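Asker: Mind the numbering: the sequence shown is residues 127 to 373 in the numbering used here, read in order.
Since the hints were derived computationally from the structure, they do not count as laboratory data.
Below, in silico cross-link-like pairs of lysine-lysine (DSSO-like), each with a Cα-Cα straight-line distance of 27 Å or less:
{"hint": "1", "residue 1": "K319", "residue 2": "K345"}
{"hint": "2", "residue 1": "K295", "residue 2": "K328"}
{"hint": "3", "residue 1": "K191", "residue 2": "K181"}
{"hint": "4", "residue 1": "K328", "residue 2": "K298"}
{"hint": "5", "residue 1": "K221", "residue 2": "K191"}
{"hint": "6", "residue 1": "K328", "residue 2": "K370"}
{"hint": "7", "residue 1": "K243", "residue 2": "K191"}
FRET-style restraints, in silico, Cβ to Cβ:
{"hint": "8", "residue 1": "I206", "residue 2": "H175", "range": "25 to 31 Å"}
{"hint": "9", "residue 1": "I206", "residue 2": "E358", "range": "43 to 49 Å"}
{"hint": "10", "residue 1": "E324", "residue 2": "R297", "range": "21 to 27 Å"}
{"hint": "11", "residue 1": "F330", "residue 2": "E291", "range": "28 to 34 Å"}
{"hint": "12", "residue 1": "Y329", "residue 2": "L262", "range": "52 to 58 Å"}
Computed from a predicted model, the values in this text were never measured in an experiment.
By construction, the Cβ of each residue, glycine as well, lies at the ideal position given by its N, Cα and C atoms.
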Amino acid sequence: MYYYVYIYVTNYIIMTYLDELGVLALATRLRRLSDRIMQDGALMYQQAHVDFDPKWFPVFSLLAKHAPLGVMEIANMLEISHPYVIQLVRALEKKGYIKNIASKRDGRKRSIQLSNKGKELLTRLQPLWSDLASTLHTTLQALNNPLYTDIISLENALDHRSFSERLAKTRKERQQKAVNIIPYKREIKTYFKSLNIEWLEKYFVVEPIDEKVLSDPQKYIIAPGGDNLFAEYEGEIVGTCALKKVD
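Hey, can you work out the whole structure from these sequences and the hints?
Answerer: Structure (structure tokens):
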């Protein structure tokens, strides 16, 4: 009894903290949800006396419908990594559920398909998969939860523009808001030269007139009526701009 109480309290504490984290815990919660469903799926196979690991499902079911396929074809169709496909294929091959065959067009290439043992297993798996799909549909409908379609929408959105790109844009916007534009000061005038020299040397060439103007912005830019501005971010000068009066 104490064991179950402890597990309940521990899970409560974990979920409460994940609630505090909010969307920051999205990946963690999706992983936890995936693990729970996978564990229950493994239990289903165990109770049905079927020797099958839930993580083999995508590759095995794909081969059942579209074999023969090469490893790269499997990776592309499932949109998972090539090394992970190899890992799954090796596990299925070790169990004798699949077999490698030579390509009819090119004997050097190998394709994968279900073995006779795999086909026999498929007949036992199909009703279990039907039960699993029905249970997932029923559970989501009972909660009035569009989770599955929302996940597909999220995946499509990230295919269009990756999460890393979106994150970079957010970070850039935050950083830009934190940038202070400050006027010319003698103590920071050296940055006007160093920052400009950096990009001039990279993309062009530093000419004598550049050395002259950059070394004394007070004389050549500010005194004639122009201005010299600096961008400060987290206490450091990260940018500069000269506005030279023309007329």
